[in-house]
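Work the whole structure out from these sequences, hints included.
If you want the building blocks of each chain, they are given just below.
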Amino acid sequence: MARRAAALALVTALGCTQGAADEPTPTPTPTPSQDAGGAVTADVPVLRPRTVQEIPGHESIAQDTAPKEAPRLVPVEALMRSYMTLFGGLSPLQLQTRLRGSGGNLFDTWNDYLSALGVPDYAADIPRNEQTNALMLAAFERIGVALCDRAVESDLAAMPPTQKVVFRFDLPANRAVTDAEFATRFDVLHRLFFGYPASLAPPERLPRFRQLLRDAAARRATQPANAPGFNATRASWAVVCYAFVRHPEFHLY
Amino acid sequence: MRYRYAAGVLALMMSAGVAPQVADAVPTREAYRFFRSLSIDLQGRMPTPEEVAAFERPDFNLDAWIDQRLTGPRYAERLRRIYMDRMRLEVGSNFGFVSNPIVLRRVRVRDPNNNLVDVYYRRSQRRNRAETDADFCLTQAESGIRVANNGTIDGTATPVAADVWGARTVALRPWWLYRDYRNTNPSQRVAPNANSDAVEFEPVAALMNEPDGRTPTVSVRVCREEAQTAPTGRVYLSGRTTNPPRGTPLPGNRFNNPPLDSAYARAHPTDMVSCTAGTGVSMSDQCGCGPGLERCMPGASLGNDPPAFVLPNNMPLGPDVPLDNVAQAQSEWARFWWSQEAVRFLDDLFGNDRDVREVLTGRQTMVNGPLSQFYRTMAGSTCCGNGTNFDYVEPVSLFEPAQVPADLVPQDTNTWRRVADRGPNAAGVLTMPIFLAKYGTRRARAHIVYQAFLCREFVAENVELTPSEEPNLMVRSGCATCHTTLEPLSSYFTRVTESGWTFLPAQRFPAENTACARRGTSISGICGSFYDPQFANSTRGLLRGAYGSVANADAGPAGLARAVTAMPEFSQCVASNFAESFLGRALGPEDSALVTDLTTALRNGNYRSRALVRALLRADAYRNANNLGSDTWRQGAMP
Amino acid sequence: MSDIRNERRTFLKVLGAATAAGVSSQPLFSALADPPVAPDEFFVFIHASGGWDVTVGLDPRNEARGIIDPASTQWVDTAVLRNWRDATLDADYETFEILQPRGTNLRFGPAVGNLLNIADRVTVINGLAMNTVSHPDGTFFVSTGRHLAGGRPAGASIDTVMANESGRAQLFPSVSVSYPSAYVGNELDPRSAPLKMASIDSVSRVLTRANVNTQAADRNAVTMMLTQEARDLLARSYHPEVIEQFVLQYESLPRMVREDFLGLFQTAGLQTAQPNFNYRARFQSRGAVNAAFAVEAMKRNVVRCVSFSMGSLDTHGANYRTQPLVQQELFDVVAQLVASLDAAPHPTLRNERLSAHTHILVVSDFCRTPQINMTGGRDHYPNGSALVISPKFRGGFSFGSSDPDQLLPRVAGRFADGMRAVAPPDVLATFVNAFGVNPRKYLRDGDVVRELLRA
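Chains as they are written, first to last, in our numbering: chain A, 1 to 253; chain B, 1 to 639; chain C, 1 to 455.
Just so you know, the hints here were simulated from the structure itself, not pulled from any lab data.
Computed from a prediction, not measured in an experiment: that's the story for all the values here.
The beta-carbon is built from N, C-alpha and C at its ideal position, and this holds for glycine as well.
One thing to keep in mind: the hints can contain errors.
What the hints assert, rightly or not - To list a few chain C residues with every Cβ distance to chain B over 12 Å, as calculated:
hint, residue
1, 74
2, 150
3, 255
4, 353
5, 421
As the list claims (entries may be wrong) - To give an idea of the interface, some chain C residues facing chain A are shown, with a C-beta separation under 8 Å as derived from the structure:
hint, residue
6, 178
7, 213
8, 225
9, 239
Here you go:
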């Protein structure tokens, strides 16, 4: 608890510092008398702690007293079902087949990731892992890349948006999306993965995702035209998808 | 709640088939995240965009939405997980249910035409020939081989003479190949559904095909005694009462001595015994494996636990969508379905909003085909051992076979039926095989009940254990700290054998038995299996485990269930378990008001979990979860 | 909005900007942590799962005395035990001769396997007061020094502690293969959260990356962006611990998924690299793989702690016949681990062997009853033993004891709370203290037992 106490003290101190200019000058502490030898002899005034409301200008303060709860990790069963639902409504084995595709080592089997995802093993008395660790995040990435790549392959082909699973929008042909076009499409994905509109997200989120998209396209631009893998459009939207499916807000609730 | 959207967003959503209503107010981020939390907890997944759009509509009724989802498989799974995480009701291969009376092994021999044929047999099968009694039905002279109990084969198979072949073996159509195995001429051969992801009835390939590995097996060859179908058989006396001197050649050059006539058999030479009890199988040469060999488990080799059925190793999302299907050892069939019984029982209890106390007190259960087979024909195979010394040969079951649906066949893996009443000895999960196997000792069983249903721990920190002759752990220095409570609780399981489910009825095994009183310095040898010499006195012996409380011993697991569910801590513990699970953290002193409210909701709701969950979802603690500093979010901004 | 709330909001924005700009590469809370100790030391923690019978291993008994039924040819398979020497028990059966390695005060039973050959490096603590016979409780008691509270661990496990103290900079600070690891407490850096896995092989597939459609640069760009996102959430969060874990774990991800580490997590490669382990052992073949992984991972300096379980010890019934063999295989793994560490150069200290800087602790849930039960096995018993192989501990030395008639822990000395038997918290406190860590930082209980440590 010591670290948090120290941090809170730090926060409080800085917070007080920010508002210091508005506070009235405090009553100065009397200078203690000293004897010939230099030792302090006068009585040290006793400081009585004041309540916040006694500080001039702070008579009426709204206090955020609502109890707070720490975010929870989405249970692995709900996470797996969400993967199935968000990426096409297939069963686990059907989705596994689709993700493995015809090669490329994009995906192994669900069994290979269960331990890293924290699935309990009741027979072996291995409990559910309700905290993240680096290996779990590595599993989120491995799975997320496979899911997003397959979604890009299917959705970014020419088909009506209503038939698309993840990228439920059209993309302009032969050019990159404008900022405004990206924003509307970003909102569709934000609702899909996080369950709320992008307008309610932190303001820096949209520009970050947009930059991610632009940078991925720019990396492709430096490669030969016939380089293997996704083209600029597909790569950039795959990368955006990776960011959503690996985001803390996706895995916490 | 009514909302507005940017024009571009609206167009995109409509092109994707999602049509929100245009309205005035914008919900907060917390509202959206709360809805997401509800979806994760009640639907077992994140909400779809369509569901979010519905949430945004002005006519959306969140309370009704929640109520509609306080039912169904995902909701039940959510609550079931609370108790499965606590009790972990699965067992691995360390609990080997390899009971000789039910295990069929097979030996490859040569038929009269010199073809290799697998012949099934049971190691414990009684036969009226000393050469083959409780052994393979063909001698080395007849088949060229002899079979050791450890699965090794000695010799080389030679064609069996036709008359011997017909006398010793018979062909039949067994339950693992034919759904209609009870018919005179079974014809509905099992064909696993290759297109189904769900757990199906699927014997391993070696059981389905001939030794060539390709030709589908139409019928199997089995030793004739095993093919007998009668439900009872007469006690068989071989006349053997002692083993021959070491070194004496054994009949038929067999490896082990043939079995001796037991004291019970000699005392009851004309009695009929049940062929579903292990004791019956061990005493009668007329007890076979029943119609279609339904009382016995097939195995594709001579091994101790041969491969038998294909089952999943991993199914975190349930048996409808397993992640794999692998050939498993024979004993896994029972273990797998035992665990599924507990899962279905809990799902039924929570999904149908039954009284949560029935987790412990309920006499109902859910069974499918394999479980029906187990309870009707196999559960008694572990009875009765030395119980015959107390004239206990017909098991009194925790689940009365007569209550088991008779029409379900083992192939009905996906047909689940509720049995309303297992019988007077049943008590929720406490008398299910999975619980009794997982928690093999009386104390382990009592401990998990104490922990999972009263939310208490036995903690004896820094207690000195000094050597002592005192057998009573409730008074022994150091041990008493925990055992004062643990022993009386453990006593409730006195009448259920440890590491098993054999029930010891009071009329055969009185808790205080004068016949097992101390004579001289100890009790009689036959009493020692069931009565504890350390607690015997000159007037009576005491059933093992009963010293903590004779009354509890007689009350049995059902008595424990009544006692625990009557304690105020039970409902508090239910409330705490639910709260911890939904809040995703351990509770602290600051949560006492929440627990009180939830406990009240549970009691006022007649112990229905739905009332508790409803109260929990409406509690501030649940709504405030994932509170990422909401006051700092930008409100209502448009892109 | 109030002045104070505005001020806090301003502060948080400033803090968020500062961290995003990389003013401090350490998150707020970790920046306040102590610097790592013992940065060149490695740790292996082994849990003998199920409760071992100490009467055939570390605390041998070959006399029928009191309530003790010694192991004999009646109850156990002896032909497979290399160190079994017959000693007469009674007219029908033989028991074993106790092994007393010269120059030590150790007494071993026949199940100790090749541990006998390195007795001078072994420290045994007997007579551990377990005060429990519950598997989960005993398991976490020996790894955390606390009994379970409400079914949950009440403290950090020893592997988490040592990873926190000395392993934060490692790529894999703590690798936990079915070990009772617990990440509990306020003094913990999220990087020391144990990487829990069911088997070593499963890790390689999790860490594999296919550059089929996108490249590492794409994925790393995402990771960097997500790290920024997480830092923003961290700044806004009332409960930052969970988000802080994300931040630190994102930061370690690009290093983890490099191809040159994948071979570490493949059984075939480990068997080739460390051929001297017995991978065909009947019970402990997986333990052999895990031990081989420990050696290879330490050689590459990518781990600090490797912890794993070796089981099949819960022998209540006829399976007790194989209990000594299970232990023999377990101790053979430990002995081979030491031998492999002897042969391995230290990754950072010149002219040093890994064995001079690796510290092994082996414990079990509890021990087994001195009496044989109705089914020929032994049940649970609230006594225990621990094994330490560490250059910091006195080799060839046994501390603590159990009484000769009932195998219960005996008073081992005067502790802070009086005369009592030694207990798991004391072992853990002594262990962490050997590396200069104040035990009270992590352990509520337990005294440092100086006699166990080298001068």
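Outcome of the hint check:
Residue placement check: residue 74 of chain C keeps its beta carbon more than 12 Å from all beta carbons of chain B (closest about 17 Å). Residue 150 of chain C, annotated as away from the interface, has a beta carbon of chain B within 12 Å; the closest lies near 7 Å. The beta carbon of residue 255 of chain C is kept farther than 12 Å from every beta carbon of chain B, the shortest such distance being approximately 28 Å. Against chain B, the non-interface label of residue 353 of chain C holds: every CB pair exceeds 12 Å, the least being about 38 Å.
With a closest Cβ-Cβ approach of about 7 Å to chain B, residue 421 of chain C is found to fall inside the 12 Å limit, against its non-interface label. Of the supplied interface hints, the one on residue 178 of chain C holds, with its beta-carbon coming within about 6 Å of a beta-carbon of chain A, less than 8 Å. Contact between residue 213 of chain C and chain A, as hinted, is supported at the beta carbon level, the nearest pair being about 5 Å apart and thus within 8 Å. Interface hint status for residue 225 of chain C: upheld, as the beta-carbon distance to the closest one in chain A is roughly 5 Å, under 8 Å.
For residue 239 of chain C, the shortest C-beta to C-beta distance to chain A is roughly 4 Å, which falls under 8 Å, so the interface hint holds.
Consistency note: the structure conflicts with the earlier hints numbered 2 and 5.
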